[in-house]
Amino acid sequence: MPHRLPQADMSALAIWFPRISMPPPLVRFAPSPTGRIHIGNARTALLNYVFARSQGGGFVLRFDDTDRERSREEFVQAIEVDLAWLGIRPDVTVRQSAREAIYAAAAQRLRDIGRLYPCYETAEELERRRRLQQARGLPPIYDRAALKLAPADRTRLEAEGRRPHWRFQLAPETVHWRDLVRGDSHIDTASLSDPVLVREDGSYLYTLPSVVDDIELDITHVIRGEDHVTNTAVQIQIFKALTDKPVPAFGHHNLLVAAGGEGLSKRTGALSIGSLRDSGIEALAIAALAVLTGSSHEVHPIVSLAELSENFDLAHISRTPARFDPAELKALSQRTLHKLDFESVRDRLAAYDITGFKAEPFWLAARGNLETLLDVADWWRVVEGEIEPVVEDRAFLQTASESLPEEPWDETTWKSWTSAIAHETGRKGRALFHPLRLALTARETGPELAKLLPLIGRAKASARLRGLAA
RNA sequence: GCGCCCAUCGUCUAGCGGUCUAGGACGUCGCCCUUUCACGGCGAAAACAGGGGUUCGAGUCCCCUUGGGCGCGCCA
Numbered sequence: 001m002p003h004r005l006p007q008a009d010m011s012a013l014a015i016w017f018p019r020i021s022m023p024p025p026l027v028r029f030a031p032s033p034t035g036r037i038h039i040g041n042a043r044t045a046l047l048n049y050v051f052a053r054s055q056g057g058g059f060v061l062r063f064d065d066t067d068r069e070r071s072r073e074e075f076v077q078a079i080e081v082d083l084a085w086l087g088i089r090p091d092v093t094v095r096q097s098a099r100e101a102i103y104a105a106a107a108q109r110l111r112d113i114g115r116l117y118p119c120y121e122t123a124e125e126l127e128r129r130r131r132l133q134q135a136r137g138l139p140p141i142y143d144r145a146a147l148k149l150a151p152a153d154r155t156r157l158e159a160e161g162r163r164p165h166w167r168f169q170l171a172p173e174t175v176h177w178r179d180l181v182r183g184d185s186h187i188d189t190a191s192l193s194d195p196v197l198v199r200e201d202g203s204y205l206y207t208l209p210s211v212v213d214d215i216e217l218d219i220t221h222v223i224r225g226e227d228h229v230t231n232t233a234v235q236i237q238i239f240k241a242l243t244d245k246p247v248p249a250f251g252h253h254n255l256l257v258a259a260g261g262e263g264l265s266k267r268t269g270a271l272s273i274g275s276l277r278d279s280g281i282e283a284l285a286i287a288a289l290a291v292l293t294g295s296s297h298e299v300h301p302i303v304s305l306a307e308l309s310e311n312f313d314l315a316h317i318s319r320t321p322a323r324f325d326p327a328e329l330k331a332l333s334q335r336t337l338h339k340l341d342f343e344s345v346r347d348r349l350a351a352y353d354i355t356g357f358k359a360e361p362f363w364l365a366a367r368g369n370l371e372t373l374l375d376v377a378d379w380w381r382v383v384e385g386e387i388e389p390v391v392e393d394r395a396f397l398q399t400a401s402e403s404l405p406e407e408p409w410d411e412t413t414w415k416s417w418t419s420a421i422a423h424e425t426g427r428k429g430r431a432l433f434h435p436l437r438l439a440l441t442a443r444e445t446g447p448e449l450a451k452l453l454p455l456i457g458r459a460k461a462s463a464r465l466r467g468l469a470a
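Just so you know, this note's numbering puts 65 at position 65 of the first sequence, and the rest follows in order with no gaps.
Worth flagging that the hints you see were computed from the coordinates, not collected in a lab.
For every residue, glycine included, the Cβ atom is placed at its ideal position computed from N, Cα and C.
There may be inaccurate statements among the hints.
Heads up, simulated EDC-like pairs for lysine to aspartate or glutamate below, C-alpha to C-alpha not over 16 Å straight-line [what the hints assert, rightly or not]:
(1) Lys451 to Asp393
(2) Lys451 to Glu411
(3) Lys240 to Glu262
FRET-style restraints, in silico, Cβ to Cβ [to be verified]:
(4) Glu392 to Leu364: 25 to 31 Å
(5) Thr445 to Trp85: 44 to 50 Å
(6) Ala331 to Glu124: 34 to 40 Å
(7) Gln108 to Ala152: 21 to 27 Å
Between the sequences and the hints, there should be enough to build the whole structure, so can you do that?
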């Protein structure tokens with residue numbers, strides 16, 4: 001497969017032309033602040049970020065907020081917060097709303113070279129024509145009627161008060177590019193409508209600002225969802241019409257679909273990063289699942305974002321849509337938690353007032369039993385707080401409390417204590433341990449009691465065995 | 001409707017004509033560990049969408065069917 005070779009090609013080039021050093025890659029993630037980011041969005045952001053990191057490159061966060069109607073400041077903030085939580089620190093942040101003069105200049109340049117032409121059809125007219133074409137089995141493509149307008153026609157229309165919207169005139173050709181994930185790709189512009197770049201009210205649609213910013217900011221790699229492949233032909237043409245700079249490389253990753261198979265696009269109000277965070281999902285689990293699923297890499301828990309950059313290769317992403325299953329995310333989040341060492345959660349534990357000399361041994365004992373970090377509070381209460389013990393067998397617990405050894409306790413205390421009880425009562429297995437666990441922790445399942453007992457301490461243990469809240 | 005892309009275990013995938021009685025991971029199930037549960041370790045079951053070709057030989061190449069994704073906006 002040709003698209004698995006570019007790495008080799010690059011290094012070959014570097015050997016033969018050592019003086020031609022590639023500029024460091026610069027990627028961009030370009031959300032429109034019309035909502036919170038969701039798992040699909042976040043995946044694109046993460047893929048860009050991990051790619052940049054793996055190549056020693058930079059990451060631009062660009063807010064595509066040219067749609068003034070729908071863009072909201074609160075979403076700009078929320079997106080930055082969500083991205084930061086995921087571990088993404090943009091090197092540069094820009095807003096398209098602050099750059100309109102640049103787009104205006106670009107639009108003028110396109111008019112000057114005759115590639116941007118005014119159209120006077122109304123939205124309703126266009127809609128009607130599209131339906132007509134579809135009914136006839138034809139592709140719904142703009143017929144370029146406006147191109148045939150004589151100057152006099154325009155003058156008359158303008159006199160009637162009609163304001164034009166502006167279309168980019170596509171050159172008839174098949175546009176080719178070597179997609180970073182999909183390999184050799186091509187689009188015949190004959191199957192496309194000339195894209196509207198400027199609205200009737202003079203504002204810009206996504207297409208022009210996007211290309212202009214990619215040029216101005218020297219973006220080298222455009223990594224985005226597969227839903228943008230068709231746009232690529234248009235963007236390459238606009239790019240070339242505007243500048244002699246090299247066209248960026250494009251990589252279109254597969255899309256996520258819901259477990260049932262239906263699309264998981266931004267329109268379906270998919271799981272937001274914010275709600276995932278609130279439900280206790282680990283950011284690292286989201287990152288791992290987002291970049292690993294749908295690729296030939298095994299999905300596995302990670303302990304740092306950097307881990308994902310190590311074997312990262314866009315060519316390892318599949319061209320088939322991948323299912324996103326929240327249950328899988330949850331399970332991965334749980335396994336992630338079980339691997340985290342104390343240092344990496346120290347600050348977050350402190351937020352639950354889990355500090356002091358018991359904090360680390362507590363974490364090591366409890367982490368394997370957590371579904372989410374939210375659960376630590378419950379286990380910390382078992383160790384340091386007060387709980388109401390569950391008494392299953394009063395007489396047995398009485399015996400147990402009487403054989404409780406004197407402190408100091410360590411991890412061997414549990415073994416020697418329970419051996420003594422077993423000896424005295426003849427109990428073993430579940431009959432022996434279940435009542436002890438219930439009395440000591442008030443829960444059916446939990447961390448190894450050998451590790452928990454010394455943290456609970458004699459005073460609390462003794463009281464709980466006697467059925468007292470402690 | 002038209003165009004582009006795709007099709008291997010439940011899920012994510014390896015596989016680039018013989019080495020595939022199809023490999024891995026997650027999940028599932030079983031066993032072990034812990035004189036309990038959870039965590040952990042080990043093992044098992046589980047797939048080439050269907051039909052035609054090409055070839056000595058096809059999961060691998062071609063065509064059709066079926067199924068799926070995306071696109072076809074004065075959205076991004």
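Range hint compliance [Cβ, Gln108 to Ala152, 21 to 27 Å]: 24 Å, holds
Range agreement (Cβ of Leu364 with Cβ of Glu392, hint 25 to 31 Å): Between Glu392 and Leu364, where Cβ atoms are some 28 Å apart, the hint holds.
Lys451 paired with Glu411 [C-alpha distance capped at 16 Å]: Distance ~5 Å between Lys451 and Glu411 Cα, so the pair holds.
Hinted pair Lys240 and Glu262, Cα distance within 16 Å: Violated, because 37 Å separates the two Cα atoms, which is more than 16 Å.
34 to 40 Å as the expected CB spacing between Glu124 and Ala331, which holds or is violated: Given a distance of about 50 Å, which is not inside 34 to 40 Å, the answer is violated.
Distance restraint between Lys451 and Asp393, which requires alpha-carbon spacing of 16 Å or less: 23 Å, violated
CB-CB spacing for Trp85 and Thr445 relative to the 44 to 50 Å hint: 30 Å, violated
The earlier numbered hints that this structure contradicts are 1, 3, 5 and 6.
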